[in-house]
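Numbering (our numbering), first residue to last: 1 to 298.
By construction, these hints were calculated from the structure, which means they are not laboratory data. By construction, the Cβ of each residue, glycine as well, lies at the ideal position given by its N, Cα and C atoms. Errors might be hidden in some of the hints.
Using 27 Å as the maximum straight-line C-alpha spacing, the simulated DSS-like pairs for lysine-lysine come out as follows [unchecked claim]:
(1) K293 x K219
(2) K291 x K210
(3) K149 x K24
(4) K213 x K291
(5) K268 x K293
(6) K210 x K12
(7) K99 x K263
(8) K293 x K274
(9) K291 x K86
(10) K149 x K274
(11) K24 x K203
Restraint-style ranges between C-beta atoms, simulated for each label pair [unchecked claim]:
(12) D114 x V282: 34 to 42 Å
(13) D114 x S265: 48 to 56 Å
(14) P128 x D294: 47 to 55 Å
(15) K134 x G238: 48 to 56 Å
(16) V284 x I76: 31 to 39 Å
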Amino acid sequence: MSSSARLDRAYKNAMTLPFDEDSKFIFFSDCHRGDNSFADDFANNRNIYFHALNHYYREGYTYIELGDGDELWENISFESIFEAHKNVYQLLRRFHLEKRLHMLWGNHDMVYRDPNYVDEHLSHYFEPIDGSDKALFEGITYHEALILKHSETGQEIFCTHGHQADWWNYVCWRIGRFLVRILWKPLQVVGIADPTSPAKNYKELIRIEKRIKRWILKKGLLITLAGHTHRPRFPEPGQIPFFNDGSCVHPRSITGIEIEKGKISLIKWHIDTKPDGTLQIVRVLLEGPEKLKDYIDR
């Protein structure tokens, strides 16, 4: 099956979520939440991420995670990841209880496409303090893709991880997971990067982006939001509408995509220094805001 056919299938089976001018969304992806070991890239940015997530919760945003939220290639079980970042998952649970949480699976958490696996590992957790079983993400369903559809204009925004355009990481993900667990995780401590990762292989990254852009052209310039490559992308109106929210494992920063009041923006959260030398976490606007309606092919 070609990358175009895989993207077609994801689009056909995508869940549709209506939105309007009052809707507010934050898109993050590629958090790669790990077990807080030396190989856990998320651990370096977890305070930034948690602060940003708190902001979006207070401001009434809906959180959409575009895959690779949990690092289940390097780590065998979700339980060790949960224990390392319990405060993050408890905050995500608050989004879930208010029906403001939508999760997509990527190649590093592709096991979540199995509803039985999700129900077994993510519905509850054991609390050793009082020895009881507590609810976490009861009833949650992970999707391969999501379509935001404007309730008035009918404009669609297709959201997916993007590994459909990456044959190795979609078809051979089990082999990739094996190699990462056995070979690349130990070598990561001495600075040797995994060559199968498009985020660390520039030539493969470009090929993946070209495949997705060709598919967008075939779909009549359908606005598409993805992750996977870790490279933020924000086109201007009139260009091919391929957006990428980047990742949450950039050095000392995380990037994401916001949609608010019918406008789309690329943002970054990072640690900055005040004049008195104290540290603060700040949000920086990188691109936009641009009106979504300006991306409609006329």
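Hint-by-hint comparison with the structure:
The straight-line distance between the Cα atoms of K293 and K219 is roughly 17 Å, inside the 27 Å bound, and the hint therefore holds. As the CA atoms of K291 and K210 are separated by approximately 24 Å, the hinted pair is consistent with the 27 Å bound. A threshold of 27 Å between alpha carbons decides the hint, and for K149 with K24 the separation of about 13 Å falls inside it, so the pair holds. For the proposed pair K213 and K291, the alpha carbon gap of about 20 Å is at most 27 Å, so the pair holds.
Proximity of K268 to K293 is assessed by CA-CA distance (about 24 Å); at most 27 Å being required, the pair is judged to hold. Proposed proximity of K210 and K12 is supported: the alpha carbons are some 21 Å apart, at most 27 Å. At roughly 22 Å between alpha-carbon atoms, K99 and K263 fall within 27 Å of each other, so this suggested pair holds. Taking the CA atoms of K293 and K274, the gap is near 38 Å; set against the 27 Å cutoff, the hint is violated.
Restraint check for K291 and K86: not satisfied, since their Cα atoms lie roughly 37 Å apart, outside the 27 Å limit. Proposed proximity of K149 and K274 is contradicted: the alpha carbons are some 41 Å apart, above 27 Å. For the given pair, K24 sits about 35 Å from K203 by alpha-carbon distance, which is inconsistent with the 27 Å threshold. Checked against the hint of 34 to 42 Å, the pair D114 and V282 passes, with Cβ atoms roughly 39 Å apart.
Our hint of 48 to 56 Å for D114 and S265 is violated, since their Cβ atoms are close to 34 Å apart. A beta carbon spacing of about 53 Å between P128 and D294 agrees with the range 47 to 55 Å that was offered as a hint. With their beta carbons about 50 Å apart, K134 and G238 fall inside the hinted range of 48 to 56 Å. As the Cβ distance of V284 to I76 is approximately 36 Å, the hint placing it in 31 to 39 Å holds.
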